[in-house]
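Given the sequences, and given the hints that come with them, work out the whole structure.
2 protein chains.
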Amino acid sequence: MAWFRSLIQVSAAARSATKPRISDPFSYTLLSRFSSEPAPIHETPDPQPPTQYSGLGPTKPGEKPRVVVLGTGWAGCRLMKGLDTDIYDVVCVSPRNHMVFTPLLASTCVGTLEFRSVAEPIGRIQPAISREPGSYFFLSNCVGLDPDKHLVQCETVTDGAEPLKPWKFEISYDKLVIALGAKPTTFGIQGVEEHAIFLREVYHAQEIRRKLLLNLMLSDVPGVSEEEKSRLLHCVVVGGGPTGVEFSGELSDFIPERDVRQRYSHVKNYIHVTLIEANEILSSFDDRLRHYATKQLTKSGVRLVRGIVKDVKAQKIILNDGTEVPYGLLVWSTGVGPSPLVNSLPLSKAPGGRVGVDEWLRVPSVQDVYSIGDCSGFVESTGKPTLPALAQVAERQGKYLANLLNKIGKAGGGRANGAKEYKYEDPFVYKHLGSMATLGRYKALVDLRQSKDGKGLALAGFTSWFIWRSAYLTRVLSWRNRFYVAINWATTFVFGRDITRI
Amino acid sequence: MAWFRSLIQVSAAARSATKPRISDPFSYTLLSRFSSEPAPIHETPDPQPPTQYSGLGPTKPGEKPRVVVLGTGWAGCRLMKGLDTDIYDVVCVSPRNHMVFTPLLASTCVGTLEFRSVAEPIGRIQPAISREPGSYFFLSNCVGLDPDKHLVQCETVTDGAEPLKPWKFEISYDKLVIALGAKPTTFGIQGVEEHAIFLREVYHAQEIRRKLLLNLMLSDVPGVSEEEKSRLLHCVVVGGGPTGVEFSGELSDFIPERDVRQRYSHVKNYIHVTLIEANEILSSFDDRLRHYATKQLTKSGVRLVRGIVKDVKAQKIILNDGTEVPYGLLVWSTGVGPSPLVNSLPLSKAPGGRVGVDEWLRVPSVQDVYSIGDCSGFVESTGKPTLPALAQVAERQGKYLANLLNKIGKAGGGRANGAKEYKYEDPFVYKHLGSMATLGRYKALVDLRQSKDGKGLALAGFTSWFIWRSAYLTRVLSWRNRFYVAINWATTFVFGRDITRI
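Residue numbers (my numbering), protein chains in the order written: chain D, 6 to 507; chain S, 6 to 507.
What the hints contain is simulated information worked out from the structure, not anything from laboratory work.
Honestly, I wouldn't trust all of these hints.
[What the hints assert, rightly or not] With a cut-off of at most 30 Å between alpha-carbon atoms, the simulated BS3-like pairs for lysine-lysine come out as follows:
no. : chain 1 : residue 1 : chain 2 : residue 2
1   : S       : LYS315    : D       : LYS318
2   : S       : LYS188    : D       : LYS318
3   : D       : LYS354    : D       : LYS404
4   : D       : LYS436    : D       : LYS154
5   : S       : LYS318    : D       : LYS173
6   : D       : LYS170    : S       : LYS318
7   : S       : LYS315    : D       : LYS170
8   : D       : LYS425    : D       : LYS69
9   : S       : LYS188    : S       : LYS173
10  : S       : LYS170    : D       : LYS315
See the structure below:
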């Protein structure tokens, strides 16, 4: 029990006395055996790291070169999955220790899927992070970058759980991959951050679920006016992209759900879903599919409103013609833009404020810095268009960059400034594999055309729904979660959705 | 789409224009079609219930008599399950819309079980609450009681999620069952409420899990001192009852867990569990079992300390001899006492401040009020001892009272003041079926003796662990959760525990 003694700073005298006597398990350590001198550690009420800005120094000749990955989204995780850990040590910095399987996130809000089924721990994506002494995951935010010194500054996430100031530390990189993703756009509309819920993280889905069930139950209480019932049970989704549409679909599925119909029979006629979009829903999809989607959603009771939101208040949104739409739940999914950190990075920018990269996803004019996913875009000089902020793009870029870095490593260019001579060959080319979206009620869209005007298969209906489910089931990363997603779907089918509010 | 029109208060002119044209699904309603008069509902910024103190009035001759149940713990849920809904309408008031299967709660903290697997929605326990027009569940707190008027006052739980003041309403009862449970005792020790986590609700388990994983990750960050690592990874459990012991067991299971050993190989030697108990652990168990438990826990690295906590600070507890024990996670399970509401109720009291009941679980000197579970105890005049605060007791009382109320109902005594003439026969007698506790590592205790000194089977080891699991698996209420618990156990066995921090 040395650890415990050292922990509570037992005096030399006491130490001799506290030899554990397992033989007699009832011999609890008597208090008298502990010294009660306050231990040094307690002299400072909230401990600081002994050395500010300690961290991981530059890698030495004997060690593997170090790839530092910022972010745990589709891009970063696919990259880490593909990196050859015989060549590189992997260090990941992110405020999230798991990847969210975003295409299935909407399903978790209404209990079709469990939250945990759509979250994949990093260590399961790249086991080296758990095993290799030189590989780490840090639950931290990147707060600064010094490309000349090959250095990133980080700050721990303390979650408010501890009376600790966040600790700063630095990490030297041989290669840096910026995969910080993007943040939801609010178009500077008042009150969005405050009153609307986004749908990008698991905790968003949890918040939506809690609110949905709270409102259901509040509206069931005696003395609630008709208007208030309608408001509480009015779910408004702003943004008609795949996320907005899929969430509306899931919601419209949830409402006629036997659990809800039964448990809230008193209020079921007040529950409604409105989808507000400034232009067309699913604008990236084939016209016939869009047409089909619109019909399906309308049929399942989703009200499609073309409008522009001007202002968001606690219980109503105001459209730009002054119409007031009361809501009980407001979900915001109007696309994404660069995060403040990305804006602040001392790097070349692409149109739209993204981190600028060349055909090989390198950030020009600095050494050993790459950027992938929603936070990056081609610099104008490449003449290439900015790619859409899709999981598909991020995943493809992560895969490409992993291979590129592995090649560079094999060619002996893994160290900082070691790839200057490296001959970059085939650049990154994005080939769109098509889009999918579910509409609820066992209906979905599958658009396999490579561009909006291109030719190719465009399916709608149950078949697509089946393809949608199978496709995602096979793309879920670990067998554990694949198993759980299947189980969740099965039990939802057999027992109905789970409406426990925990 | 009438609901939508009424919702946004469309003017007569506009109404004619907004006839939905499903035939042309692309015809979104143009904004101009909506009137922009502010709707009356919005004139008051945060709506109040139109009639304060509206609610459910006394039941009329045509209707079923109404049983109002306060609480959704073991007692209340078992009662509701047993009530004959052909005789009674059931109205349940609780801040929680589900029952927590407390014996398995400790397992959820470390990812052996999912949170949802141990939570059972009320509507699945008593389907009438979902179906019968006269039966309700209200997500509310009971705030007052008027036994003479047969009336309870309630207040909605708003969860801080809405800028709404909680709504007050009243419910008239024919029969009232007080099953409000108890609250954890802190013995007035400073800082417990603030810094320690209890283990009674699902959100407690979630908080413990988040904190455990946060500390694991924080301790892995460069620049953290040895002392700080030891502190962050020192889990202290206060209270050596079954809950405390089971949680310590689960924790000591979690630590050598391959996931943890691997992912946190850098810090695994700092992780430790200390169980602090003023007297003996598992005092209600057979000596040999206690002996066995002590040996097992010590073997799996749990430090047993006999001590009394004097003060709780943010990062250390101080024992009453002045010893300071730094901690990263502090779990408090030193038994329970009556809640402030129970204390405030205008009813006769039993020793220990519980609601006093007679042999038939009736509250004396008032009509039609019963009390069961941790919140109730026999009045002294009965000469019966206060029963321990166990799920077993609560469940037995719930079952007994359900039968009693059903009999009274059948005999036509269901209405308020209707049971005055009823002949109360066989009183409630508690027969202890024995105790179980798991120690982790596939070890458990099963004590089938009926009293501390009685004769009977007392088992320890794997067999008991197997009995423990089977017993609880069969006692889990719904097939859905039974299924999920089994699946969770299987996957934990195959894939290891899940350490995603969501």
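Can the restraint linking LYS436 (chain D) and LYS154 (chain D) be considered satisfied, given a maximum Cα separation of 30 Å?
Status violated; Cα separation ~36 Å.
Tell me if the straight-line CA distance from LYS354 (chain D) to LYS404 (chain D) falls inside 30 Å.
Since the Cα atoms of LYS354 (chain D) and LYS404 (chain D) sit roughly 23 Å apart, the hinted pair holds (cutoff 30 Å).
Straight-line alpha-carbon gap LYS188 (chain S) to LYS318 (chain D), limit 30 Å
With a Cα-Cα distance of about 38 Å, the restraint between LYS188 (chain S) and LYS318 (chain D) is violated, given a limit of 30 Å.
Does LYS318 (chain D) lie within 30 Å of LYS315 (chain S) when you go C-alpha to C-alpha?
48 Å, violated
Straight-line Cα separation of LYS170 (chain D) and LYS318 (chain S) no greater than 30 Å?
17 Å, holds
Mind checking the alpha carbons of LYS188 (chain S) and LYS173 (chain S) for me, to see if they're no more than 30 Å apart?
23 Å, holds
Keeping to a limit of 30 Å between CA atoms, is the pair of LYS318 (chain S) and LYS173 (chain D) held or broken?
25 Å, holds
Against the 30 Å threshold, does the CA-CA distance of LYS315 (chain S) and LYS170 (chain D) hold or violate the hint?
Satisfied, since the Cα-Cα distance of roughly 27 Å is no more than 30 Å.
Does the structure keep LYS425 (chain D) and LYS69 (chain D) at a Cα separation of 30 Å or less?
18 Å, holds
Given the hinted pair LYS170 (chain S) and LYS315 (chain D), is their Cα-Cα distance within 30 Å?
27 Å, holds
Checked against the numbered hints above, the structure breaks hints 1, 2 and 4 and satisfies the rest.
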